[in-house]
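Enquirer: Start from the sequences, fold in the hints, and give me the full structure.
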Amino acid sequence: MADSKRLTITKVTPAYWSVLIDNPPINLYDPEMFAEINMLLDDLESDEDVKVVVLESANPEFWVAHYDFARADVMPDMPGAAPFTEWPHMVSRFSQARVLSVAKLRGRLRGQGSELALACDIRFASKEKAVLAQPEVGVGVVPGGGGTEWLSALVGRSRTLEIVCGGEDFDADTAERYGWVNRSIPDVDLDEFVDRFARRVASFLKQPLELAKKLVNLQAIYPSEAQLWNGNHAFLGTSAWPASQARLERLVELGFMQHGDMELNMGARLGLEADFEDLPSD
Amino acid sequence: MADSKRLTITKVTPAYWSVLIDNPPINLYDPEMFAEINMLLDDLESDEDVKVVVLESANPEFWVAHYDFARADVMPDMPGAAPFTEWPHMVSRFSQARVLSVAKLRGRLRGQGSELALACDIRFASKEKAVLAQPEVGVGVVPGGGGTEWLSALVGRSRTLEIVCGGEDFDADTAERYGWVNRSIPDVDLDEFVDRFARRVASFLKQPLELAKKLVNLQAIYPSEAQLWNGNHAFLGTSAWPASQARLERLVELGFMQHGDMELNMGARLGLEADFEDLPSD
Amino acid sequence: MADSKRLTITKVTPAYWSVLIDNPPINLYDPEMFAEINMLLDDLESDEDVKVVVLESANPEFWVAHYDFARADVMPDMPGAAPFTEWPHMVSRFSQARVLSVAKLRGRLRGQGSELALACDIRFASKEKAVLAQPEVGVGVVPGGGGTEWLSALVGRSRTLEIVCGGEDFDADTAERYGWVNRSIPDVDLDEFVDRFARRVASFLKQPLELAKKLVNLQAIYPSEAQLWNGNHAFLGTSAWPASQARLERLVELGFMQHGDMELNMGARLGLEADFEDLPSD
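Residue numbers (my numbering), protein chains in the order written: chain A, 1 to 282; chain B, 1 to 282; chain C, 1 to 282.
Because the hints were derived from the structure by calculation, they are not lab data. Please note that the accuracy of each hint is not assured.
It does not matter which identical chain is meant; a pair holds if it fits inside one copy or across any two.
Said to hold, decoys possible - Derived DMTMM-like pairs: lysine to aspartate or glutamate, alpha-carbon spacing no greater than 25 Å straight-line:
#: 1; residue 1: Lys5; residue 2: Asp43
#: 2; residue 1: Lys214; residue 2: Glu225
#: 3; residue 1: Lys206; residue 2: Asp275
#: 4; residue 1: Lys127; residue 2: Glu56
#: 5; residue 1: Lys206; residue 2: Glu249
#: 6; residue 1: Lys206; residue 2: Glu273
#: 7; residue 1: Lys214; residue 2: Asp47
#: 8; residue 1: Lys206; residue 2: Asp282
#: 9; residue 1: Lys11; residue 2: Glu277
#: 10; residue 1: Lys214; residue 2: Asp282
#: 11; residue 1: Lys206; residue 2: Glu56
#: 12; residue 1: Lys206; residue 2: Glu253
#: 13; residue 1: Lys11; residue 2: Asp282
#: 14; residue 1: Lys206; residue 2: Glu277
No experiment lies behind these values; they were computed from the predicted model shown.
Expert: Structure below.
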């Protein structure tokens, strides 16, 4: 059996769980993290007491950096392991869960990192320290984990196109203005704000909480598993294009998926034409 | 015949009506207010001249506090009286009316108070004095008057879940940022702003105004009467749960539905776990 | 053949085109401009290299003032000429185009000017110099070019009703808060911001850009050509109403469609009841 510990689950109280995400050095989303999230969802769905779960990162620089392109086809020998194409099912479990999920955002969350946060019911972001992006188009592919789908529902068509076609880094204030996150909160207040929110929700009765979420699910616009499946397969298609592969390989040479300037400043780095101009353009 | 005077209707001009809501001490929404709103809608629908109606409160502390749980089953002997389950029909009359309805918000509007404002076409709120909440989950029930439905359409899924599952008080600036109200306006300017807006609308031709509202109704996302009916009946179901009844009874002991700290500071009070921890949890 | 030059197309690079709109004195949208935009779309659709197009105005006071009511029935003898009712088809070509369209907004854009900007995928507006309005109801008609349809999708029902039934001028900050524009940007930074965004997009691969836009189109809410057709014909109906015609004639007497105070300050001028009170009210 594989031995991994990407997630540390703490029951702050029986009704309020906290999940610490840790996959050094940059918190890549990889097959082991996927497996552990699937197991977390099993636990959340079968527990009788839990009402709210908070996901946060152990890494102050990265909430979840993005997808680990190098290990996409790995299927670890561990409980919860699933092929990449099970992602739409997994995130739909979050939206349908009887538990309220809250992403507490510090550091960078790009691509599938942003999409994991979007899969959570609520997002509170550090005003100074959260950085959000859907950089896929700049990488040569398209968002495959729900970026276009969730953002279309939350921020409207024009801002989704700006985010997705520009691939730029966004700070928390802009993300709040657009509706990408619920709120941008001064970093010094973020922990207390989220803890207070979670304790408050946990103190309410479970039945009305669950029914309220179901009523919102009935009415709100958000992507279905089938719609997410479509985006996921569109991504898989783009990643086979030769020009996309060449661009991704160049990015890896430049530090993509490693700790360093490329991952720290990806928004700016994707816009440096000189780094890519010798590559095939289609 | 019952004698009540919850609403005072003033024809500022034939095209611009003002409605003053007054039900001391905290402007509870009760069966008499319901009956009078139904009669107001009859008048608005049959009048040839009216183009815009402004709803405001006579009580600086409360716009409309919330539903009067103690008098839910009362059917007053007065014109317009209707069972509680007619609410979805009533609010749909606002959205379909040939008249533009504007809620001028000062003081607290929680639960059905917020939902009456949401049923109006436009909401302008006092920056310093408006307080909005959907506290139902904290009370032990779920929103029954359109809170989940209207908010899902206006502020998106994630912020609706924060509002509804957190049950917290919101100020006007946050409500504006979320889209719960059209605008947050400094209190000193609010009256003039709304009066100017209403006079302006009243000076335009009635036919284009009506057609423009119909075109928006054709395209915009907002809850149908059937969708509101569903939320209304979900609420009625929750209010029968024993744990919910116990919580509501405790709240009444603590001042719910009376003038005092509980109604003034309900957001904070619902989060005081010590007040509820001896109650059944499901 | 008619000789007009409303649009000047510059290929900043093969992948990044700039379109300068110029129709002195106030940049009215007229049949010649329509014909040239149709030809622009032909060029954009057939070009192999273009990825992004920026539309801006040569006139610092007006981006596109609005529809030229005086020349609605003119069919110029020039390529691209089309009847007014082809507008819904034209704007749908923008939303479906494989190219990303960006409106850089300085000066006034009201009515069909706002609607041409709404037809573009993305809108960046000068904080100090952009003025947006859908003044049609104040003119006596209804928006016919997608105003109700696009705004319903972008800013929600309540704010659409405020914009459309109030007919007021909006500054860029308020338009940003509502979602009418993507961003309000200090005027001194606007050119560089938009140029940087366009160059960035142009440096990305064309295939992922196109697919990303298609994925957003699949999921986002925005008006179909059929829905825009309906609004267009509603407008044509209102413009035949006698009271509407009388109001429009009065507006022309007061300077509508000419350079001067009416066009510069239309928001305020439409609210001056004394100018219209002797006219028929229906």
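Enquirer: Quick check: which numbered hints come out false for this structure?
Expert: Hints that this structure does not satisfy do not exist here, as all of them hold.
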